[in-house]
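Colleague: Starting from the structure of chain A, add chain B where the hints point.
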Amino acid sequence: MSSTTFPNGQVLTSTALTQTRTENAFQLLTTAILGKDTDPNSAVRVSWPTGGAPGWEITDDVAFLKATISDDRVNRSRDRSQKNPVDSSLTETVTYLRVWKIDFLLYGPNSLDRATLIKSALLMDWTQTSLASSNLAIVLDVADPRRMPELFEGQWWERSDFSARFNELITETTTVPAIGSLKIDLYTEDTSVSQPVREITVTP
Amino acid sequence: MIDVSDILSDPDLCEPFEAQRSAGSFQAGRFVSTATPVPLYGSVQMADAKTLAQVPEGDRVTGARVFWSVSPMYETRTGSDEGLSDILIHHGVQYRVAKVWNWSDNGFFKAFAVRIKGS
Chain A
-16 MSSTTFPNGQ VLTSTALTQT RTENAFQLLT TAILGKDTDP NSAVRVSWPT
34 GGAPGWEITD DVAFLKATIS DDRVNRSRDR SQKNPVDSSL TETVTYLRVW
84 KIDFLLYGPN SLDRATLIKS ALLMDWTQTS LASSNLAIVL DVADPRRMPE
134 LFEGQWWERS DFSARFNELI TETTTVPAIG SLKIDLYTED TSVSQPVREI
184 TVTP
Chain B
10 MIDVSDILSD PDLCEPFEAQ RSAGSFQAGR FVSTATPVPL YGSVQMADAK
60 TLAQVPEGDR VTGARVFWSV SPMYETRTGS DEGLSDILIH HGVQYRVAKV
110 WNWSDNGFFK AFAVRIKGS
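Sequence lines, in order, name chains A and B. At position 44 of the first sequence the residue is numbered 27 (this note's numbering), and the sequence of numbers has no breaks. Offset between the second sequence (1-based) and this note's numbering: plus 9.
No lab work stands behind these hints, which were simulated from the structure alone. Among the clues, some could well be false.
Simulated pairs of lysine to any residue, SDA-like, Cα-Cα distance not exceeding 25 Å [what the hints assert, rightly or not]:
1. 108/B / 106/A
2. 126/B / 31/A
3. 108/B / 84/A
4. 126/B / 155/A
5. 102/A / 136/A
6. 108/B / 33/A
7. 19/A / 85/B
8. 119/B / 2/A
9. 19/A / 88/B
10. 49/A / 119/B
11. 126/B / 38/A
12. 19/A / 33/B
13. 19/A / 39/B
14. 108/B / 39/A
15. 126/B / 30/A
16. 19/A / 19/B
17. 126/B / 19/A
18. 126/B / 141/A
19. 49/A / 125/B
20. 126/B / 98/B
21. 84/A / 87/B
22. 108/B / 41/A
23. 49/A / 87/B
24. 59/B / 41/A
25. 108/B / 102/A
26. 108/B / 133/A
27. 49/A / 25/B
28. 126/B / 130/A
29. 84/A / 37/B
30. 59/B / 25/B
31. 49/A / 86/B
32. 49/A / 130/A
33. 49/A / 39/B
34. 108/B / 60/A
35. 108/B / 31/A
36. 102/A / 137/A
37. 119/B / 34/A
If we take Cβ atoms under 8 Å as the criterion, some of the chain A residues that face chain B in the derived model are [as the list claims (entries may be wrong)]:
38. 8
39. 39
40. 42
Remember, predicted model here, so these are calculated numbers, not experimental data. For each residue, glycine too, the CB sits at the ideal point set by N, CA and C.
Only chain B is shown next, with the shape it has when bound in the complex:
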């Protein structure tokens, strides 16, 4: 296996970003979680440009990013480690992880994340 993790430590290609990692449990039928900030480092690429949608009620903006890192990033998970998808923060904008490629055998993780309002 080729390990490409060195590339994801190269400051010419990578930058710091943050994950808000949530863990919680169901309380009276609702999932209650708390988020902990986790510093990450890697490459952030545009997957879908910030796009304006003009609807009768006002303007709504969407967008998506792909994050590459040697550290794991998570989608919503069940079981003993129950929690919601990571919220990845890049340049102050929040993106919720929608898809994760686990390429840990090759030394990295890739996550596709969609912009969420709140930043």
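For reference, chain A alone in the conformation it holds in the complex:
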């Protein structure tokens, strides 16, 4: 949950996942999918390390994750609601969907089998429950893994890739100024401004 204060004093609070939190969530989940014997630290790696990272051997089964935002029309809709005003302000809540595209890149002699396993597991209940705790839900249209061995230093390295998309439900709340009450003074033609004949206060 992030919070930003604007120059006008308004505070925007958002549940939007950061890049790192999204990567961490999928690193953890993918490691779990690959089974109990999977090394939790190095078997599933996050792509684009800032300062680089050591590589791997042709015999190593290693998965890499790329998390990017995918543009989608579902992202255009915004649901807005307001809560009761308190102290001349009210809370506006905006909810919308954002779409993450996760690229699963698998290297190693078992890369195709492991890619197939990850895809199957992503459609299971327990993984969806896990993702739901991060406000994520899989978009069920997932293409099959594609085998694409890579020539590197005189050898063909096994590689299989696939991608999946996930909807993230984002909730943003903002406190906005609101009219807390309305005072209406009634006058006749003969009364002065300081002496209304009737005062009415309207409150929500």
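Modeller: For chain B alone, kept in the frame of chain A given last:
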């Protein structure tokens, strides 16, 4: 084999520089390393001059150096000695090792390193 390491001890040709040598391991899918300063001595030559690239977002500067030393310098390595490429510091500017020529049979190592921002 001709051993030319004496040349790389000649103060007329050489100067001190430093390597930040990293070692580490993967933690939850990310490589986490710590760097240790290693003093080196050798010859530093310009491979690519400090070059200005003007892009719409601002100015970006690139450059490269070749380092010669009797001491080893390392690229990113895997295995039991896992670590990232040495960061070589010359005149306060950091260069990341991109290529190493191991001429240890002739008494020296040569490294090509590219400037990295951070100095």
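Colleague: Does each hint fit the structure? Answer for all of them.
Modeller: These are the hints, each one checked on the structure:
| no. | hint | in the structure |
| --- | --- | --- |
| 1 | 108/B / 106/A | violated (44 Å) |
| 2 | 126/B / 31/A | holds (17 Å) |
| 3 | 108/B / 84/A | violated (34 Å) |
| 4 | 126/B / 155/A | violated (36 Å) |
| 5 | 102/A / 136/A | violated (30 Å) |
| 6 | 108/B / 33/A | holds (19 Å) |
| 7 | 19/A / 85/B | violated (30 Å) |
| 8 | 119/B / 2/A | violated (39 Å) |
| 9 | 19/A / 88/B | holds (23 Å) |
| 10 | 49/A / 119/B | violated (35 Å) |
| 11 | 126/B / 38/A | holds (23 Å) |
| 12 | 19/A / 33/B | holds (24 Å) |
| 13 | 19/A / 39/B | holds (19 Å) |
| 14 | 108/B / 39/A | holds (18 Å) |
| 15 | 126/B / 30/A | holds (21 Å) |
| 16 | 19/A / 19/B | violated (57 Å) |
| 17 | 126/B / 19/A | violated (41 Å) |
| 18 | 126/B / 141/A | violated (35 Å) |
| 19 | 49/A / 125/B | holds (24 Å) |
| 20 | 126/B / 98/B | holds (12 Å) |
| 21 | 84/A / 87/B | violated (30 Å) |
| 22 | 108/B / 41/A | holds (21 Å) |
| 23 | 49/A / 87/B | holds (22 Å) |
| 24 | 59/B / 41/A | violated (38 Å) |
| 25 | 108/B / 102/A | violated (39 Å) |
| 26 | 108/B / 133/A | holds (23 Å) |
| 27 | 49/A / 25/B | violated (41 Å) |
| 28 | 126/B / 130/A | violated (38 Å) |
| 29 | 84/A / 37/B | holds (20 Å) |
| 30 | 59/B / 25/B | holds (20 Å) |
| 31 | 49/A / 86/B | holds (23 Å) |
| 32 | 49/A / 130/A | holds (17 Å) |
| 33 | 49/A / 39/B | holds (13 Å) |
| 34 | 108/B / 60/A | violated (51 Å) |
| 35 | 108/B / 31/A | holds (20 Å) |
| 36 | 102/A / 137/A | violated (31 Å) |
| 37 | 119/B / 34/A | holds (22 Å) |
| 38 | 8 | violated (11 Å) |
| 39 | 39 | holds (7 Å) |
| 40 | 42 | violated (12 Å) |
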